[in-house]
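Please construct the entire structure, taking both the sequences and the accompanying hints into account.
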Amino acid sequence: MSNIDIDAPGSNQLFIGNEAMARGALEAGVGWASAYPGTPSSEILSSLAEVAKKRDIYVEWSVNEKVAIEAGAAASFAGLRSLVAMKMNGLNVVIDFLSTIILSGIGKKGLVLMVGDDPAAHSSSNETDSRPVSKWLDIPLVEPGDFQEAKDMMPYLYDISEEFGTICILRSVTRVAHARGNIRLGEIPKVVHKARFEQYYDPAAPMPTPIMCIPSSFRHMFQHVRIDKIREKFETSPYNKYVGPEKPDLLIVTAGSGWLYSQDAVNALKAEDRIGILKLGTLWPLPEKLVKSCLSKADKVLFIEETDPFLEGVIMEFAAGFSPESKRNLFYGNHTRHLNSFGELTPDAVIKAITGVLDIKYQPRDAEYMKKVESVPQQYVMDRLLTFCPGCPHRASFWAIKDALAMDGRHGFVTGDIGCYTMALGPAGFFQTRTHQCMGAGAGLANGFGQLRRFGFDQPVVSVVGDSTFYHSIIPALVNGVHNHSDFTLVILDNGATAMTGFQPHPGTGLTAMGEPAQQISMENICRAIGARVEVCDPFDLKNTTRTMLDLIEQKEGARVAIMRRTCELVRQKKEEKPYKMKIDPEKCLGEDCGCNRLCTRVFRCPGLIWDPVAGKTKIDEVICNECGVCADICPEGAITKEAVA
Amino acid sequence: MNKLAKDPINVVVAGVGGQGNVMVTLVLGNTLVHDGYFVTIGETYGASQRGGSVMSHLKISAEKQYSPLIPEGQADIVLGMEPVETLRVLKSYGNQNVVTVLNPRPIHPVDFTGSGAGYPDMESLLAQVAGMSAKTYVVEATGEAQKLGNPMLANMILIGALIQTGLVTISREAIEKTIRDMFPKAVKENIAALSKGRELAAGQ
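So the protein sequences, as listed, match chains A and B.
Under the working numbering, the first residue of the first sequence carries the number 395, and numbering increases by one thereafter.
Under the working numbering, the first residue of the second sequence carries the number 609, and numbering increases by one thereafter.
Incorrect hints may have been included.
[Said to hold, decoys possible] Derived pair list, reagent style SDA-like, types lysine to any residue, alpha-carbon separation capped at 25 Å:
hint : chain 1 : residue 1 : chain 2 : residue 2
1    : A       : K635      : A       : D553
2    : A       : K766      : B       : P714
3    : A       : K977      : A       : C990
4    : A       : K766      : B       : G626
5    : A       : K969      : B       : G626
6    : A       : K448      : B       : S700
[Claimed, not checked] Just a sample of chain B residues kept apart from chain A, beta carbon distances all over 12 Å, derived:
hint : residue
7    : N610
8    : L612
9    : E651
10   : I685
11   : V707
12   : R713
13   : T721
14   : V746
15   : V776
16   : T777
17   : E784
18   : R788
19   : K796
20   : E797
21   : G811
Hints listed in this document are in silico derivations from the structure and should not be mistaken for laboratory results.
The beta carbon of each residue, even a glycine, is placed where N, CA and C say it ideally should be.
Set out below in structure tokens:
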């Protein structure tokens, strides 16, 4: 991670887009930042957390996105510039609050919501485009087209937020927020933050009022007036620009990641004198005059954006209202199938879209090389499926769950949730997980399945969640399960970290974002207080974990809880030496002749175990193995041994 | 900062989750930015720690900020941390002029391990890589790193080999400064690994 508060104005640094936004927030003089982790937005808060004490600002990982934004709004109400960050899934969680804060307005100081979208769902359960929320709820939205803008837009957006008294959204996508590029640093101002909730003078009402969303229709009207004023402001924003000839054959309209891709594509096609690019940084409200003047430059217009046809829709809608005398453009984009409205944008997709509209030939590689490409045997480049790390406690937990469900014999299954353990949908978790939706949904689904006994349903249901997920959104589902007598087992995989997003602390870890000690909120105490039976086990003790799991499943009534507790291997190995020395006795390993069907390499499938086809035996890859010792308990012949390291 | 013979220079770093792919691009990127170049890095996600294929795109320019993704067939250099992953990347991004620097130490995919196929025959795998590259440097990075006491030093050995090719203009002083900034507790080991990489590539 880069040092985002380096005091070297004018110098160039290599920053990840999120660090650039965090630096921009420091340059804007923020006093507060809150977030819940989620790729591609996590580094904003983690990089601010590192410098929070030095800069005398407050930074927290909140329990979930809804609390993050409400707490962040309070800071704005009390006179601090406030930043709240989350991924697009989080935006769904906070929409109810957004729908009222656009009516009430903010405090004296600006409130910016950064939303990171993940086109292609690289590290997500969906690839929702957040931009339509801006139009739907009347929230100003900007999007950086490169890394420098990711930083520079922050102070700009705080000024807008304060001038017009409204929350603003900075939306970015994986290929900007989570890519790295050059940043030229600015000054970080010295701000003495002073918080006080004063008598509030609302610009919508000429008298002191509470910060409130009623009378709603009046305030809704007032927000529309604000949006129109912001539209005027955006007409001259430095983040909107046109580059290209005065009369191009094709006008590209783009934003976000599409800006760099479009330039690269035009460059690759050597079409700089034929194609103009209108890059929008302020997407909503749409700067209509600027858009209209650019549309008049060309007959053909191609929309390049990620992921939904948002600009395509709003600009075509806007153009439909032009007077009959105005120029009529031919529009290309998603509706003409020149670009997809799913998956991620790439330079190749942009090149293909342009060559589909203009008659330009493009061949990336010659025929001779393509023959070589096609001659590569498929088995040489077989897909490399994701799996749990060597030594990951989750592999052991799912092994125990699998064995317990098999012993029970009623075709039980796991309802999954969001975290590394999502991989249990596949061979990594022995195909135990059978449903996968959003944060907390596995426990909600288990509530439903667990009520179906009266309709003949008799399969055991196991909801598997992570520790951070438990605090984020599982507690109400467990309350519901106990209250309504639903029959399911909740398994909490407590590895002591929000591992998937970069090991952020959570309420169970006893540390805050700023590294201060915090009360460790006991998940077993919460579950017991709700009234559930709770068992705690160490997944590396396979025998006991399996037995405990079977006992819980067989209880057949009420919501009950197993906490499988073992530190994330990636966290452990930073603090401790490897616990064992693992060995395989080639005399004892019977290979294909063993009755186990190569249980270790075909079913358990830890990457630390490899197959030696010459000897016909399993081997340990000493570079990969983390020597956790679990596989020693899998081998029926006792060929794998663990020796404790003194 | 020198003008580049080709601008931008497109580098793909190919490997497996957990190998340190991101670290390699960061060492190169930080060094080049401090030397005045524009650098853009795009990475693969989700697979970063979890045994999947990981690929980073690194674009170096003396002129402007490029996008974080390299188009099909447009790699100038492939830095291969693992043989199968190197071949996979050449299939998508290779061309008749591409130069490949390769660590031949395999990381066995669990699917290869469990299936009958097994890991591809190394000799023919390396022949495929060489056939798709204008020039291939084979650098026994993991083996040498184990001799130095830590298999993770393989990454710095590969960076040393890449610098030795002369295809990216990185001075010894600049990269050593990056090492001191990024790995203050392991400067000596990393500089030794860097020299080892240069030495291994020099004879090829």
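Checking against the hints above, which ones are violated? 4, 6, 9, 12, 13
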